[in-house]
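A.B. asks: Residue strings, one per chain:
There are 2 protein chains.
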Amino acid sequence: MSVDSIKIGLLGLGTVGRGVYRIITGNSENIRRRVGAGIEIKKILVRNPAKERGLEMQQAIFTTTAEEIINDPEIKIIVEVMGGLEPTLDYVAKALKNGKSVVTANKDMIAAQGKMLFELADANQADLLFEASVAGGIPIIRPLKQCLAGNRISQIIGIVNGTTNYMLTKMTREGTDFEAVLREAQALGYAEADPTADVGGLDAARKLAIMASIAFNSRVLPDEVYVEGITKITAADIAYAKELNYIVKLLAIAKDTAAGIEARVHPALLPLDHPLAAVNDVYNAIYLTGDAIGDAMFYGRGAGEMPTASAVTADILNAARNILHQVQGMISCTCFEDKPVRSMRDTACQYYVRLQAVDKPGVLASIAYAFGDKEVSLASVLQKQKDDETAEIVLVTHTVREGNMQDALQIIAQLSAVNSVSNVIRVEEE
Amino acid sequence: MSVDSIKIGLLGLGTVGRGVYRIITGNSENIRRRVGAGIEIKKILVRNPAKERGLEMQQAIFTTTAEEIINDPEIKIIVEVMGGLEPTLDYVAKALKNGKSVVTANKDMIAAQGKMLFELADANQADLLFEASVAGGIPIIRPLKQCLAGNRISQIIGIVNGTTNYMLTKMTREGTDFEAVLREAQALGYAEADPTADVGGLDAARKLAIMASIAFNSRVLPDEVYVEGITKITAADIAYAKELNYIVKLLAIAKDTAAGIEARVHPALLPLDHPLAAVNDVYNAIYLTGDAIGDAMFYGRGAGEMPTASAVTADILNAARNILHQVQGMISCTCFEDKPVRSMRDTACQYYVRLQAVDKPGVLASIAYAFGDKEVSLASVLQKQKDDETAEIVLVTHTVREGNMQDALQIIAQLSAVNSVSNVIRVEEE
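If you read the sequences in order, they're chains A and B. All the letters of the first sequence, read from the start, carry residue numbers 2 to 431 under our numbering. All the letters of the second sequence, read from the start, carry residue numbers 2 to 431 under our numbering.
Take these hints with a grain of salt, some might be off.
Once the Cα atoms are required to be at most 20 Å apart in a straight line, the calculated SDA-like pairs of lysine to any residue come out as [to be verified]: (1) B/K171 x A/D274; (2) A/K340 x B/N31; (3) A/K340 x B/K171; (4) A/K256 x B/N31; (5) B/K340 x A/N28; (6) A/K146 x B/K171.
Not everything, but these chain B residues come out facing chain A in the computed CB check (under 10 Å) [unchecked claim]: (7) A113; (8) Q114; (9) G137; (10) A278; (11) E376; (12) A380; (13) S381.
Non-contacting residues of chain A with respect to chain B, defined by C-beta distances greater than 12 Å in every case (computed) [unchecked claim]: (14) S3; (15) E41; (16) V47; (17) T391.
In short, the hints are calculated from the structure, not lab data. Glycine included, C-beta positions come from ideal geometry on N, C-alpha and C.
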């Protein structure tokens with residue numbers, strides 16, 4: 002197929018959309034040489050065409066009607082950068098039914114509706130590309146699908162939420178507490194007014210669901226991911242972690258085990274010499290293990306206008322090249338298998354426990370006994386005087402089944418000598 | 002095109018070839034699902050078919066005649082893992098002329114003869130893929146060509162030679178000198194009997210030439226890369242670097258500047274908080290900067306049987322998919338431009354200088370004057386008493402043109418108060 006240019010339509014012109022517009026219009030010659038044809042933005046869906054956007058654009062490029070884009074026979078690629086599920090999913094589904102290739106940055110939609118959308122894409126010989134949905138500008142979807150295709154990936158550990166990584170970095174460096182750092186992050190625009198999806202771990206869980214599905218060739222849905230946020234992490238926990246040679250990070254962890262897939266997002270103590278321990282501020286990184294490659298890490302900016310637009314643009318170029326060569330859909334869904342997702346109680350981990358106990362002889366013994374009774378063995382214990390009557394005890398366990406640990410914790414919380422269990426954080430030793 | 006399996010031929014069955022054989026034969030079902038057809042190794046070129054290889058293989062698979070593979074019409078993909086230029090280049094050129102796609106791990110060949118080979122591939126609608134030629138298992142060629150295609154890449158800094166990184170890591174951790182570490186690395190098989198290509202920086206230079214050519218869309222040949230190895234690095238330099246908050250690494254650096262391309266391989270002092278500073282042992286990493294993505298890093302094992310075979314296999318799968326869809330050559334050479342490579346004298350850098358001087362008043366002033374006369378300004382100075390008559394002086398300059406620095410060093414070496422200039426190492430502050 003020989004054409005002078007491939008026409009595309011944008012659904013949305015928010016932060017990422019503006020970045021895509023800038024790259025596509027600013028690098029047109031470079032793009033033409035790479036693709037073999039130009040890329041022309043024909044229409045953009047916006048709510049308010051009159052809004053000032055800081056871009057030089059003709060008014061005629063705007064439409065307020067999605068159908069003008071998804072039903073336009075000239076438009077071959079739909080770039081979805083409006084986010085959300087409603088009405089986005091409907092637009093994307095219709096575009097695929099019309100045989101258009103879709104490039105999206107929408108992690109919520111891909112994580113929850115990937116199966117249905119891939120079936121539509123396949124049925125209509127269209128590409129469905131979503132590199133930008135995970136870790137912004139960092140190439141991870143294509144590396145997983147193509148570059149590591151000879152591997153059996155056994156494990157992914159990611160820092161995939163910039164907001165929480167920024168907050169934990171600040172708490173670690175300055176010794177400040179969660180609430181204070183959150184207010185500061187909100188003032189700087191690094192955290193949203195409603196920070197639930199970020200600090201609660203849901204954003205990371207969606208990204209993990211997408212990565213695990215590709216890496217393990219078996220679909221993992223967002224609600225199959227165990228999720229725990231960083232809201233309970235205190236300056237005291239971070240300080241103890243440091244004393245024990247760990248750093249606290251919000252990790253997105255997926256493992257492919259003989260008993261099924263493990264998928265969990267939670268704060269964790271990570272050894273200071275782990276490659277992920279040096280990933281600070283708003284940076285993201287994905288550390289993975291494959292049977293051939295060994296361990297590898299992909300590091301970069303996980304969000305922001307231009308990094309995310311970089312990933313969207315790369316997908317647009319690939320979709321355009323496939324259209325020119327008439328090979329849309331050449332690489333499709335890779336969920337060939339149907340592996341179970343393990344119950345969290347059956348996973349195994351090490352744990353850090355901080356608790357307040359009455360400071361008298363025999364208390365530590367009673368706590369150690371309760372753990373031992375549930376087959377939880379202890380790797381290290383720190384005990385610090387808090388006041389005349391209370392001691393703060395910090396324990397790190399050996400690897401133990403989560404169910405046993407939870408059972409032990411229930412019993413320990415009820416011991417008369419234990420005033421309170423202040424925090425329990427998992428420890429990830431690779 | 003619908004076929005049950007795509008037949009491939011291997012040129013060579015050394016370390017990497019054995020890894021490829023293991024992955025292709027061990028993951029056949031997984032590969033079939035990804036590609037849409039099986040991959041079958043039909044023939045393997047070896048010198049001695051009778052040699053024991055620790056693999057279960059039929060004797061009939063071996064041939065000692067390359068033509069049996071490159072002229073076999075059934076064989077669609079040639080996997081070149083024999084290395085070297087002679088007779089490899091001839092075989093690969095003939096295979097491409099026969100319309101066969103070629104997958105190679107051969108950095109020497111791609112760096113020196115990429116242009117000619119790409120022209121052959123294009124003329125015969127074949128793929129030429131070489132992910133394994135740079136940084137072993139780490140995906141970097143495809144990310145540069147596809148995932149970052151929306152970016153203008155301005156800079157690449159790589160640690161791309163595992164042998165020297167292992168040696169420098171050991172020297173840093175143990176305070177040992179170059180010769181001792183080299184002997185140990187040779188005994189462990191991490192360094193070759195003739196270590197020149199590794200410790201002299203030539204291996205890294207070839208990899209840098211390949212990466213720079215792709216990143217900057219303009220061919221950089223290996224002999225256009227300035228090369229300096231690590232043979233002159235001493236334990237003393239590493240200790241001083243540490244005192245100044247730096248670590249010594251062998252860096253492969255390429256920059257795309259308005260005045261032309263900079264391409265250089267040399268040891269450098271790198272700030273301890275740089276992401277590359279934590280890349281230790283035999284690990285490799287490529288740190289790059291693009292106008293949209295910002296900075297990103299790709300980290301992993303840069304060599305070894307299985308990591309390199311992982312990259313070769315991914316290329317085989319892509320070549321096979323392209324054959325099935327009849328779109329060989331869809332992504333070809335991307336050297337669209339012809340940018341000059343800057344003379345090393347015109348580049349600019351900071352420098353660390355360690356010298357031995359007579360310990361008497363006015364010596365430091367005379368040295369500082371000589372630098373100042375060539376417009377070299379000093380950022381920091383350390384002076385240590387060595388014995389009654391000698392002082393060791395360690396200087397770090399501000400950023401200065403290399404030519405000026407070399408001119409100043411010539412004059413300083415001749416100052417009567419200077420006994421010797423012990424070492425000069427560049428400092429890379431991003």
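A.B. asks: Check each numbered hint against the structure and report the violated ones by number, ascending.
C.D. replies: Going through the list in order, the structure violates hints 3, 6, 7, 8, 11, 12 and 13 and respects the others.
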